[in-house]
Amino acid sequence: MKVIYLDHISGNPLHPQVREAIIDYIKKDGFGNPVSQHSIGDAAMEILEDARAKVAQLINADPQEIVFTSCGTEANNHAIKGVAFAKAKKGKHIITSNIEHQSVARPLRMLSQMGYNVTSVSVDKYGLVNPADVEEAIREDTILISIMHANNEIGTIEPIAEIGKIAKAKKVPFHTDSVVSCGNVPIDVNEMGVDLVSIAANQFYGPAGIGALYIREKTRILPLIDGGIQESNRRAGTPNMIGIVGMGKAAELARVEMPQRTEHLLKLKKAVMDRLATIDKIVINGHPEKSLPGLVSFSVEYIEGESMMMMLDEEGVSISTRSACASGSLRTSHVLIATGLDHATAQGTLVFSYGIDITLEDIDKAFVSLRKSVDFLRNMSPLYKKG
Amino acid sequence: MQYSDVVMDHFKKPRNVGKIDNPDGTGEVGNPICGDMMTITLRVKDDRIDDIKFNTFGCGAAIAVSSMVTEMAKGKTLEEALAITKESVAKSLGGLPKNKLHCSNLGADALHKAIMDYYEHKEGKVRETKEGEKVEHIGEREGKCYCPYCDAGLPDPTPICTHCGKPTLQHSDFPILKGAKE
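Protein sequences appear in the order of chains Z and E. Here this note's numbering is used: the first residue of the first sequence is 1, the next is one more, and so on. Here this note's numbering is used: the first residue of the second sequence is 1001, the next is one more, and so on.
One thing to keep in mind: the hints can contain errors.
To be verified - Estimated spans, in silico, between C-beta atoms of each pair:
1. E/1092 - Z/228: 14 to 22 Å
2. E/1046 - Z/10: 52 to 60 Å
3. Z/279 - E/1002: 27 to 35 Å
Read the hints as simulated data drawn from the structure, not as lab findings. Cβ atoms here follow ideal geometry from the backbone N, Cα and C, with glycine treated the same way.
Next comes chain E alone, as it looks inside the complex (with noise of 0.2 Å):
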């Protein structure tokens, strides 16, 4: 098997498997065309993580990123949360397979998309820093599918990698004659 010990303990026992009813945020990611997709519903109490809970459409990777990810930010500050990427979920899991770093790898954004819609809901559209910066909240990468070879975000889910030109879901070698017919 290509996982670590660490991903296959979060495959096996995923931790806050779920939905949270009611949440003060949700975050939502990917798409089942990419291959992965993942929703994150929080539960906030004084600026701070109270319950966080996850579903996954996904493989063994993605189920391990999103219960790891949950893992980490339960019962931290907003701010902490925010400070969790996509590489250090990697890292605590022990590494993840090239291949899988950035398709499956979608628990930070799910979470950080959570954390902005729980913002919206309670501040409006701005929100100010603890610095004083004021700053706005919109999910950068939310939704996006990365092309399996070069890593690249990709804008809409595309047969074709739009930056190194490989195709990303699946191509035939020749001209096809004919339309499959029912």
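Excised from the complex, chain Z in its bound form (with noise of 0.2 Å):
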């Protein structure tokens, strides 16, 4: 049975390019460290810069500025704690948004256990964090903004640009978690008046394992890991060069064939926003306008997302749940709650998130697969009353 894998938010399969590209390296070269000052080295050394130079173009920034990580959640610890321990002296005042990803709020977490001070803005029923509320948390002691580029559990695209324009203004470094949008959607550091940018490139069909953080000139930050010289003394340790190889050519190849891909997952978008109207009671999460092309989340009432799920998963169809029974804490959504969607109907979602390899016909029949389970399930619910 082919499995229909709409679980892209999970992690991307590798772009048949990008996989081209790293057994190349890997048959070709392999083995060299860029910090030796040899000709094998320097050979490594240049395939590094060439990735740098592709994973800067993607967010319009300049390669100096980009530092390679072993994934968006390093990216984001790097980011936080690297800037709170940085500016300590200046203030310990940080913001941020109560929908952002474990890997913000947990670092988060630590520093306010740490003795610094975390304000965080809530956000609107689609999720959207209103740049007015950044403003006014903005105080004299204030060392950090990190709101994030999009949700990765409902969708929605924050408004980087206006929050980037009053940090800017206010002189307040600002860091956004752009780990599923970039490759995604556009970016471009300067005009979103970012500061630093996580990105991960299993999110645009480059391997797991790797990601980066953008750091813009500048910006006072602590390296994360300390050890040698790697990476301009801001991340130690011997680069991940088959991770880069395949990350550079993944966002040379997102840059590039961006505008396609993203029609065509709109194509997939409207394809399952229709299907889903024809499904009684289903609660649509995120912003109708404002979101990643290729995510939809949504909560089927009377009905839990766990057994929806597992029985998917029976039909050949992968996707994902936020409800709290398969949540290894069995807590409900932070970031479904902080929209305001109650306990119960919450229990019920699920996340369809899709890519370039998954096509017309794949959402039909996964349709098909998600009727059958919805009717079947809400036919054993003591909450469901047909009519």
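Since each chain comes alone in its own frame, lean on the hints to assemble the complex.
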């Protein structure tokens, strides 16, 4: 049975050209350390810098402002802890939102236990941050603003450029977690007025285990990982060359192919929305327009998400659920609760995330399975009354 | 997948789904805020469970538990059915993940509540056991939530466990600046 993979937000398949580039690299070079000052090292350095330039180009940055990391989570940790530690003498106040990914929320929680003050601005029913709230929260001792670009659970894209203007006027460094958006929607670090941007390659058909942090020139930040002089003293450790080669190629392809990809994804999104409209009692989560093209989050009333996910899995459709029952902690998603969704409805939340490898036919097949499981489970539910 | 083969089998092919019309006993436990909710309806003939059906809102484990408990109870005398416990249901299912042992394991509670409901209707509030002992049948655990961390029973759905202090539903790590806006 061919599995229809609608969980791209958890990781994308490798683009065939990325796979080729990685295999080529392993076959030809594969071992040189770019720090070594001999010809083998120089060759590796050239490959490293080529990949760096491609990642920089994707977000209109200078190559020297790109630091490779092991993943998006490391980039978020680096941005937040790196700035907080570097600027501790100036102040200890950080502003964030209440829908951030754990890799932002957890480091901030750690900092708050260490004596930093964190203000979390709330979102509206679409998951949008109000830039005026951010402005209002800025204090004398504010040293960082960290607001995500797009939300990984509901897809809402935040007004980063507007917040960027405020941050610039108030001279507060501004970090955005663009892990799920970078490579999928256009990012221009200058237009958006951001100082730090977190990126992960597996969100744009590159390999998992490699990411990057954009650090605007002159931003005061300490390394997260100390050691050698790699990445211009900003991230120690022998670079993951196989990952970096893949990320460079993936970034190049994302930049070139973005218009066609977006067109395809929006076509699929329309198909998903049209089909959802034919099912009774569905709540669509996230903003209707300001959202990722490749993700739809919705809640099916009267039934629970984990059982839907399991039924769809049996039918060969891989999706993700935000039900508390499917999370290890059995906690309802903080993002859904932040948008004002009630606990019972949040329990029935599914996320369809698709990519360039998914066709309209796949969406149709997935919906046949979805209807089947919704009917089956609603029929079983004590909460659902027909008619 | 975290579930045993038996759980998966009952999840995929749940037995005794539905609702008996004009049942002899009904037991409803849980609520959707807690996570799971289950209703069991019974038909009793000659002190035996002649027919039993369930409706469940919940995760894969909750559905498998519901299916299993109805299978275990079907055809048994009411006394035998009252001896079915959360532990025996979980055991028959080849075990349940630790964090689902209470939260999704409502089957025995719903069954007991349905049997009590039957007694209340047929015999009044107090019944006599085989040994001649008089017992008041009030379901002790009805409708409870359980903390996923310390397994303590919680009287009402609460965001913080009253026993271990851990958040049971969802919480914010930081002070929220403003209430969510329209």
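Against the structure, the hints:
1. E/1092 - Z/228: 14 to 22 Å: violated (58 Å)
2. E/1046 - Z/10: 52 to 60 Å: For residue 10 of chain Z against residue 1046 of chain E, whose Cβ atoms are near 54 Å apart, the range 52 to 60 Å holds.
3. Z/279 - E/1002: 27 to 35 Å: holds (28 Å)
The earlier numbered hint that this structure contradicts is number 1, and it is the only one.
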